[in-house]
Amino acid sequence: ETGVTQTPRHLVMGMTNKKSLKCEQHLGHNAMYWYKQSAKKPLELMFVYSLEERVENNSVPSRFSPECPNSSHLFLHLHTLQPEDSALYLCASSQVASAEQYFGPGTRLTVT
Amino acid sequence: QKEVEQDPGPLSVPEGAIVSLNCTYSNSAFQYFMWYRQYSRKGPELLMYTYSSGNKEDGRFTAQVDKSSKYISLFIRDSQPSDSATYLCAMSGRNYGGATNKLIFGTGTLLAVQP
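From first to last, the protein sequence lines are chains A and B. Read in order, the letters of the first sequence correspond to residues 248 to 359 in my numbering. Read in order, the letters of the second sequence correspond to residues 1166 to 1280 in my numbering.
It should be emphasised that the hints constitute simulated quantities derived from the structure, not laboratory data. Here a beta-carbon is modelled for each residue, glycine too, at the ideal position from N, C-alpha and C. Just to be clear, a hint being listed does not mean it is correct.
[Unchecked claim] Here are the simulated DSBU-like cross-link-like pairs (lysine-lysine), alpha carbons at most 30 Å apart as the crow flies: (1) K1221(B) with K266(A); (2) K1207(B) with K265(A); (3) K283(A) with K1232(B); (4) K1207(B) with K1221(B); (5) K1232(B) with K265(A); (6) K1232(B) with K1267(B); (7) K269(A) with K287(A); (8) K1221(B) with K1232(B); (9) K1167(B) with K266(A); (10) K269(A) with K1207(B); (11) K288(A) with K1267(B); (12) K283(A) with K266(A); (13) K269(A) with K1232(B); (14) K1221(B) with K265(A); (15) K1221(B) with K1235(B); (16) K1267(B) with K265(A); (17) K1235(B) with K265(A); (18) K269(A) with K1221(B); (19) K287(A) with K1221(B); (20) K266(A) with K1235(B); (21) K265(A) with K1167(B); (22) K283(A) with K1167(B); (23) K287(A) with K1232(B); (24) K1232(B) with K266(A); (25) K1267(B) with K1167(B); (26) K1221(B) with K1267(B); (27) K1167(B) with K1235(B); (28) K1232(B) with K288(A); (29) K1207(B) with K1267(B); (30) K288(A) with K1207(B); (31) K265(A) with K283(A); (32) K269(A) with K1235(B).
[Unchecked claim] Far from chain A, some chain B residues (derived; all Cβ distances over 10 Å): (33) V1184; (34) N1192; (35) K1207; (36) G1224; (37) F1226; (38) S1257; (39) T1272.
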């Protein structure tokens, strides 16, 4: 595997379900990010982890819970989501001192 | 006023044309400027990265930054149908908002290159 990988690529879940998104980076980076991409809106930064510590939580509802067990892996735990949470969820990574972020292919989430 | 403004398009051009994509911004603290290309149902791919003002060229792509006008551009020469994608501008200033790598994105411009 190379670059940034995300699983699953597609996810359909009911409002009462609990699911998790997984991201893995193979670039030797030490910062990881979660973004939300909705139609006709700019990418929205959700969470930033730098050296495995959360450094940014961009006013994201508590139904989204991130976890970064090490510098290569990032999870986004989802529970009791709303239909408006349907979007493409993107993971990215970078070196802490660099603005160059590299993205994964995303997870297309549909909440029914 | 949005921090970053980008015309959403769509922009349709014939194959071989020179394409000009642009973004304006309001925050003079931005120092790092990026262009990403995003194909349908894929993640954004970093295309060009520039620091401060000036030009950077990579093959058929040229990125320009004019900090005095708060304006950045991406030029694509000899455009190909494979260039059809959404192009996102993004920018960042060190320690912006307390997070050194917080990128602010434009909404993206959808480009279609017709064969």
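Hint consistency between K1232(B) and K1267(B) [alpha-carbon to alpha-carbon, up to 30 Å]: 19 Å, holds
30 Å limit on alpha-carbon distance, applied to hinted pair K269(A) and K287(A): 25 Å, holds
Pairwise hint evaluation, K1207(B) against K269(A), where the allowed Cα distance is 30 Å at most: It holds: about 16 Å lies between the C-alpha atoms, which stays within 30 Å.
Non-interface label on F1226(B), tested against every C-beta of chain A at 10 Å: Holds, since 16 Å exceeds 10 Å.
Restraint check for K1267(B) with K265(A), where alpha carbons must lie at most 30 Å apart: 29 Å, holds
30 Å Cα cutoff - pair K287(A), K1232(B): 26 Å, holds
10 Å Cβ clearance of V1184(B) from chain A: For V1184(B), whose nearest Cβ neighbour in chain A is about 21 Å away, the distance exceeds 10 Å, so it holds.
Proposed proximity, K265(A) with K1235(B) (alpha carbon, max 30 Å): 44 Å, violated
Restraint status (C-alpha distance of K1232(B) to K288(A) at most 30 Å): The hint holds at about 25 Å.
30 Å Cα cutoff - pair K288(A), K1267(B): Given pair K288(A), K1267(B) holds - Cα atoms ~17 Å apart, limit 30 Å.
30 Å Cα cutoff - pair K265(A), K1167(B): The hint is violated at about 35 Å.
K1221(B) paired with K1235(B) [C-alpha distance capped at 30 Å]: Given that 30 Å is the threshold and the Cα spacing comes to 17 Å, the pair holds.
Hint check: violations occur at hints 1, 5, 9, 13, 14, 17, 18, 20, 21, 24, 32, 35, 38 and 39; the rest are consistent with the structure.
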